[in-house]
Amino acid sequence: MLLGLPVFLFLTAFYVYPILSLFAASLAPEGRLDLSGAAALVDSPYYLRLLGFTVAQAALSTLLTLALALPSAYVFARFDFGGKRLLLALATLPFVLPTVVVAAAFSALIGESGLLNEALMGTLSLVEPPIRLERTLAIILIVHVFYNYSVALRLIASFWASQSPSIEEAGRTLGAHGWRLWWHVRLPILRPAILGAALLVFIFCFTSFGVVLILGEPRFATLEVEIYRQATSLFNLPLAAALSIIQMGLMYLLMIVYAGIQRQVVVELRSPQQARTPQRPAERAALAASLLVMFTLLFAPLLALIVRAFTLGGGFTLRYFAALNSNPRGSILFTPPMTAVGNSLVFAIATMLLGLLLGTAAAYALRRGRLARWLDPLLMLPLATSAVTLGFGFIIALDEPPLNLRSSVVLIPIAHTLVALPFVIRSVLPALRAIPPALPDAARVLGAHGWSLWRRVELPLIARGLIVGAVFAFTVSMGEFGASLFIARPDTPTVPVVIFRLLGQPGALNYGQALALSVILMGVCALAFILIERSRSLGAGDF
Amino acid sequence: MRTMLLLAWLIVGSVFVPVSAQDSTVRLVTHDSFNVSEGVLAAFEQESGLTVEILRLGDAGTMVNQSILSRENPLGDVLYGVDNTFLSRALDADLFIPYESPLLERVDSSFSVPGSPVVPVDFGDVCLNYDVAAFEASGLPLPTSLADLVHPEYARALVVQNPATSSPGLAFLLATVAVFGEDGDYTYLDYWSDLVANEVVIADDWTDAYYGQFSGSAGSAGDYPLVVSYASSPPAEVFFADPPVNAAPTGAVTAPEMCFRQIEYAGVLANAANVEGAQRFIDFMLSRSFQEDLPLQMFVFPVSLDAALPDVFQQYAVVPEEPVIMSFDAIAAGRDRWIAEWTELVLR
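Which chain is which? The protein sequence lines are V and U, in order. Just so you know, we're using the numbering used here here: the first sequence kicks off at 107 and counts up by one. Just so you know, we're using the numbering used here here: the second sequence kicks off at 160 and counts up by one.
It cannot be assumed that every hint is accurate.
[To be verified] Which residues of chain U face chain V? A partial, calculated answer using Cβ under 7 Å:
| # | residue |
| --- | --- |
| 1 | 197 |
| 2 | 214 |
| 3 | 220 |
| 4 | 224 |
| 5 | 296 |
| 6 | 363 |
| 7 | 370 |
| 8 | 392 |
[To be verified] Derived coverage of chain U by chain V (criterion: at least 3 residues anywhere in the stretch with Cβ under 8 Å from a Cβ of chain V; other residues may be distant):
| # | segment |
| --- | --- |
| 9 | 399-413 |
| 10 | 452-464 |
| 11 | 472-480 |
[Stated by the list, open to error] Here are some chain V residues the structure puts well away from chain U; computed CB gaps all over 12 Å:
| # | residue |
| --- | --- |
| 12 | 192 |
| 13 | 275 |
| 14 | 282 |
| 15 | 402 |
| 16 | 431 |
| 17 | 439 |
| 18 | 487 |
| 19 | 539 |
Don't read these hints as lab results, they were simulated from the structure. As the structure is a prediction and not an experimental result, all values here were calculated from the model. Where a beta carbon is used, it is the ideal one built from N, C-alpha and C, also for glycine.
Start from the sequences and build out the full structure, keeping to the hints where you can.
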């Protein structure tokens, strides 16, 4: 229980206290509860429709993501093939890319004058572009799949790989083949992993902000978008607070369900089946089909982005990369790319360390007991809290000693850690729960105690989970953007912030530099992922 | 393990030593677009003996909101970047203490707000930008009034930003309110109905509109030849062209009553720790060196009569002669209602 203390203090100081301060200031400015500012919630049918759209798009995105990720999960769990780890690392890249950049990638690929339409118009001699997805619900769904595919893939594949093949073999013996095998055997076995993945993807899409804002028509709005509009443009804090509470409440309920399911996902440490090379033609076809899906959905947009960053007037260029290093206006906003990468790395490493320390301690506290059922979902709540709510909360709550941090640079890794913690806990907890209690007991009998017991027995068993947690903490921080924008800070811009600034000014060079910096961001993250992937196997850990 | 965590907690905790403001530091609260030349700022620091700390608080609206939330214990001493569309919100919250800079004498009086605690620093005009090549190719004449835009020849041509989320979007909405009014046979809402019927595209912010939807910028990927942007965007296109160009790929439509003037202000924050430093910083912002530095750093125009424009502005920027100018209290009285009515009509 004592191990839960650091994470409890951290959450209380940097999450619960700021959020409650903001809600109190918004809904009870005079000390009495005053909900008149939020009256529009019940007066106007708009908010009900808003909730309807938010739920509908999240549900559709989740179904689509699962439908596409499930066959790939099968392939990744069962088969070994060259470049498997590289593919998995690349599939995680979308996670760190700012939405503006992803929007640019998709419009370069499937926009009305994008590569695909031009190719189709050329070969089929069409006058009108055949693919018209811009500003439709379809493009929102596609981009949600783009972002969340790897989450579903990792979660399901790692669970699948850890299952003993004997049940499936028994099913075959009893005559289950084809769809029967899937429906009666595989899906029931995978149910905890599929539902877990579904809930996580659903939460991500429910709170989707940038994707809906930039790629959808402004008519499409999620609760998250409306909270932002009410808080920033209209400064209607009571309504923003009420919407935030609704969103957090709904997400809390979902997370209780999720945490319940998650407890069933326990990685077995022994006798997982071995992946093998695909042999039968049907297996090869499955592998090819799965790679094709990943290529079209994930890698083609990334490739389009890279091509654009290196193209000028139809030819190859390094100009945009070179321009990143020059400061022709001598302006103080100028950040050399290496400085931005350096800032991002410092924040990401700080987030990783803080997240691992707090997350591991929290995982130990959550391992057993009743507390876990309520605390676990609470730790997930920062995922469901909009950046503007957190930013405004920081401003009014952290303004006096000993927590006078409003304009301190340490707020950035703190905010990133809030978002990273759920990932670290999700990665470490299953490994921890899978340790049979007999194991530490046996070690004690053999004379291991305290520190040496932990280091020699438990640490090696959870090491893979720790590493996965570390990657996700690192990734969250590298790609995080909302909090960096809403937190008052001295000038230590991260890579996404510099990309955002470049895209805020007209001119070809600014746009090109933003693309070039995105390519650098992808490169740095791909390198980090590959390093991590080398030290774990697919059969262990969550995600 | 426990001791390690405790130790880590203490280390993390010890970083949080409160930073007290000193008289030799002046803290500037501003928006994300703030920019100044390193040399100009360094010269001010050298001459005044002050260290300038810059805090960026998101976009202009977010900055004002956060400053209001922290009014009793402000984040900084001086705020720069509140414009005439948001000024009333700041004034209603008593965000500033008055400062009458001696340098105001050299500021074009049309920008001043008599009796208010803030000083104007720069202005920019929100105007339609057009894709020069596309208009040449189609032979379509440029629109000469806002009313032209509802004609069938401009169908599926125009991109505007959502006024609820974008500052130029709000400026364009205000221009339509000023031109068509709220009463009579044809109100600004009738105009917007016609724009919607003419398939106007609504983007969420400037970046998406300009780079994502508009076809004119050298960097853009869009298909629409008209976009709401700034009169200073064409010179920026030239300045940031690569390879260098002699003519901008875009132009600004500066016909009478088609542009909206945004004016940005600065003021000393109430409860500031260093009031004197804040006042000196305001003088600095009105000084010739800062005013002449403004155009290329933030792509806005100086308010000082003494400031000369850089070459690229003299050659490629057009200052509209009859922009729509709306007083900030008129904006204050109507802004939220207009945004709500617009949202109801156009988006729902």
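Each hint, compared with the structure:
no., hint, in the structure
1, 197, "holds (5 Å)"
2, 214, "holds (5 Å)"
3, 220, "holds (5 Å)"
4, 224, "holds (5 Å)"
5, 296, "violated (14 Å)"
6, 363, "holds (5 Å)"
7, 370, "holds (6 Å)"
8, 392, "holds (4 Å)"
9, 399-413, "holds (count 4)"
10, 452-464, "holds (count 3)"
11, 472-480, "violated (count 0)"
12, 192, "holds (29 Å)"
13, 275, "holds (42 Å)"
14, 282, "holds (47 Å)"
15, 402, "holds (20 Å)"
16, 431, "holds (14 Å)"
17, 439, "violated (4 Å)"
18, 487, "holds (21 Å)"
19, 539, "holds (18 Å)"
The structure fails hints 5, 11, 17 (numbered hints given earlier, in ascending order).
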